[in-house]
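Chains as they are written, first to last, in my numbering: chain A, 1 to 83; chain Y, 1 to 452.
Bear in mind the hints are in silico, worked out from the structure with no lab data behind them. A couple of the hints might just be wrong.
[To be verified] In silico DSBU-like pairs for lysine-lysine, Cα to Cα no more than 30 Å straight-line: (1) Y:K100 to Y:K244; (2) Y:K113 to Y:K27; (3) A:K61 to Y:K330; (4) Y:K113 to A:K44.
[To be verified] Which chain Y residues stay away from chain A? Per the calculated CB distances, all over 12 Å, these: (5) L110; (6) E259; (7) L293; (8) S388; (9) S433; (10) N450.
Note that this is a predicted model, so its numbers are computed, not measured. Where a beta carbon is used, it is the ideal one built from N, C-alpha and C, also for glycine.
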Amino acid sequence: MVQIEQIKEQLIFFLHNEIFDPSIQINADTDLLESGFDSFSLVKLLVFIEKQYSLQVPEDKLNEDTLRNVNQLSELIYAFQEN
Amino acid sequence: MLFKKTERINLNGMDCLLMAFDYHMKKNGFAGNLAQMVLGLPVQISESEFMDRISNLMDQFPIIHAVSKRHFFSRLPCWEIDPDHTSDFPRITSYHLEEKAEDNQEFKTLKKKLFNLPLQPKKGEQIRFDLVYFNRGGMEIYMTWVHALMDAHGAEYFLSMIGNPDLEKEALMAESSRGNSGSDNHPVSETGDNDDKWKKAKRSFDHIDRIALNPPVSILSKFPEKAKPVQEYTIMSFSREETKTVLDLARKKCGFFNESTYFAASTMRELKQLYNKKRVLSNNYVLSLPVNLRKKGTHLPVFSNQSTSLLYSFTSESLLDFDSAVIHFKEQTQRAIKTGLLEANVAVMEISKFLPTWFYIRKVRQAMKGEIASIVIANPGSVYSRLSEFMGIPVDYVNHMPAIIAPPGIGVLFYQFSGRLNITFVYTEGILSQEETNGFQQGIRNHLLNGK
Numbered sequence: 001m002v003q004i005e006q007i008k009e010q011l012i013f014f015l016h017n018e019i020f021d022p023s024i025q026i027n028a029d030t031d032l033l034e035s036g037f038d039s040f041s042l043v044k045l046l047v048f049i050e051k052q053y054s055l056q057v058p059e060d061k062l063n064e065d066t067l068r069n070v071n072q073l074s075e076l077i078y079a080f081q082e083n
Numbered sequence: 001m002l003f004k005k006t007e008r009i010n011l012n013g014m015d016c017l018l019m020a021f022d023y024h025m026k027k028n029g030f031a032g033n034l035a036q037m038v039l040g041l042p043v044q045i046s047e048s049e050f051m052d053r054i055s056n057l058m059d060q061f062p063i064i065h066a067v068s069k070r071h072f073f074s075r076l077p078c079w080e081i082d083p084d085h086t087s088d089f090p091r092i093t094s095y096h097l098e099e100k101a102e103d104n105q106e107f108k109t110l111k112k113k114l115f116n117l118p119l120q121p122k123k124g125e126q127i128r129f130d131l132v133y134f135n136r137g138g139m140e141i142y143m144t145w146v147h148a149l150m151d152a153h154g155a156e157y158f159l160s161m162i163g164n165p166d167l168e169k170e171a172l173m174a175e176s177s178r179g180n181s182g183s184d185n186h187p188v189s190e191t192g193d194n195d196d197k198w199k200k201a202k203r204s205f206d207h208i209d210r211i212a213l214n215p216p217v218s219i220l221s222k223f224p225e226k227a228k229p230v231q232e233y234t235i236m237s238f239s240r241e242e243t244k245t246v247l248d249l250a251r252k253k254c255g256f257f258n259e260s261t262y263f264a265a266s267t268m269r270e271l272k273q274l275y276n277k278k279r280v281l282s283n284n285y286v287l288s289l290p291v292n293l294r295k296k297g298t299h300l301p302v303f304s305n306q307s308t309s310l311l312y313s314f315t316s317e318s319l320l321d322f323d324s325a326v327i328h329f330k331e332q333t334q335r336a337i338k339t340g341l342l343e344a345n346v347a348v349m350e351i352s353k354f355l356p357t358w359f360y361i362r363k364v365r366q367a368m369k370g371e372i373a374s375i376v377i378a379n380p381g382s383v384y385s386r387l388s389e390f391m392g393i394p395v396d397y398v399n400h401m402p403a404i405i406a407p408p409g410i411g412v413l414f415y416q417f418s419g420r421l422n423i424t425f426v427y428t429e430g431i432l433s434q435e436e437t438n439g440f441q442q443g444i445r446n447h448l449l450n451g452k
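Just chain A, same shape as in the assembly (with noise of 0.2 Å):
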């Protein structure tokens, strides 16, 4: 099981190479939606999560809070792996 803090370096290291433009600072408490978080955004993270993580998020766990920074997304991961 990945511990919490290194699923939140994992999803920053992701979303700061692979879906944010580099003027954009991505830490832990960034507001993702109101950095320009788009819908293919989500896509390719949900693909990367069930990647690296080997789990699916199921859609009606997807909201403005779970995907609101690194911190929220990190503990929904955690607690997906937990179960």
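For this one, chain A is given, so just place chain Y on it according to the hints.
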């Protein structure tokens, strides 16, 4: 004496394809592969004031009046900027009408004329501005551009720069990496070597071939005598309350952040209804969805097309009900990301620069024989484009009107401005009656507002 060198700026793969489609459309009698935006202002800006801003931008960004050429040896298309050449472009033309009323015949005729007026990229006309003044107050600014020069996101930013000089610096930095360096200025173009690109491109061609095995049937081919090489558009707007209803329903039916799925399912369901009404039988319906490749958080670079298209295929059965259309759209989107189809399409664009343009166009047309519902989802007025104000004046509305690339078909563009959803519907004159056009739009509206 200082010798000023002529500057050549390379087009990226997508720019080249859009230029190829421009050639193809002109060959078929259309004005070309152009795009248009209109800005509605409650207060009038004088032509001289507007001209001053454009003159300043011409100095900063000479690409807006560069000449479209091909490199002598490689034959690759490029923008050529001759520092000694004095340009007559961009043209700025003023029109004066009594009032802005949608049922005013004079206004209708002018809008259609502006939408079908060709540009001359080989002479340096990449952009044109038409200022429409209304005697009873307010004005509209029409910006029409050669699609190969920039996409809708770039155009939004450029229009924002006209209205807000503070945005120039950022755009100048983004453009400075281009020029003679040969950089494609394309975010995905640097990935992989040439062999890798050809392998990826094959994957994209295979996808097109699969769709082409069961191609859609064209309405146009059933009624060729009625079609004219002229495109028309109508714009449907939703109130803020209606927009909220639509977005809430989209989330409920398709999940968080899945408005595009909701819009696509509504459009494809209604496209099938349209075929039924026209008594054209087709077992396949194709949807082309442009995907913005810019890294999120920026609208830069301005002067290039940073997008690729994903082709979706819907069987007649998959459009039997709304939920089925949603499932098929989602499945194809996920598959495209998982199998790397997006990167494969980018690779096609890269290598297509070195292929004869007719090759790619013929290939794509195999899969796009029908009246394709081309969907674009944009968001003018967002924090990045800063179009809510123009030269200090609050903007009433922003609309997008892109020409629909060959084969002549149906394009539906979804975008929001100031909390309101707008849909621009573009089609080739003659293939649909007024009643059918209204029915198609009303049908999409009903799907969106009722979620079925």
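A quick look at each hint next to the structure:
| no. | hint | verdict |
| --- | --- | --- |
| 1 | Y:K100 to Y:K244 | 27 Å, holds |
| 2 | Y:K113 to Y:K27 | 19 Å, holds |
| 3 | A:K61 to Y:K330 | 17 Å, holds |
| 4 | Y:K113 to A:K44 | 42 Å, violated |
| 5 | L110 | 35 Å, holds |
| 6 | E259 | 7 Å, violated |
| 7 | L293 | 9 Å, violated |
| 8 | S388 | 16 Å, holds |
| 9 | S433 | 34 Å, holds |
| 10 | N450 | 21 Å, holds |
The structure fails to meet hints 4, 6, 7 from the earlier list, while all remaining hints are met.
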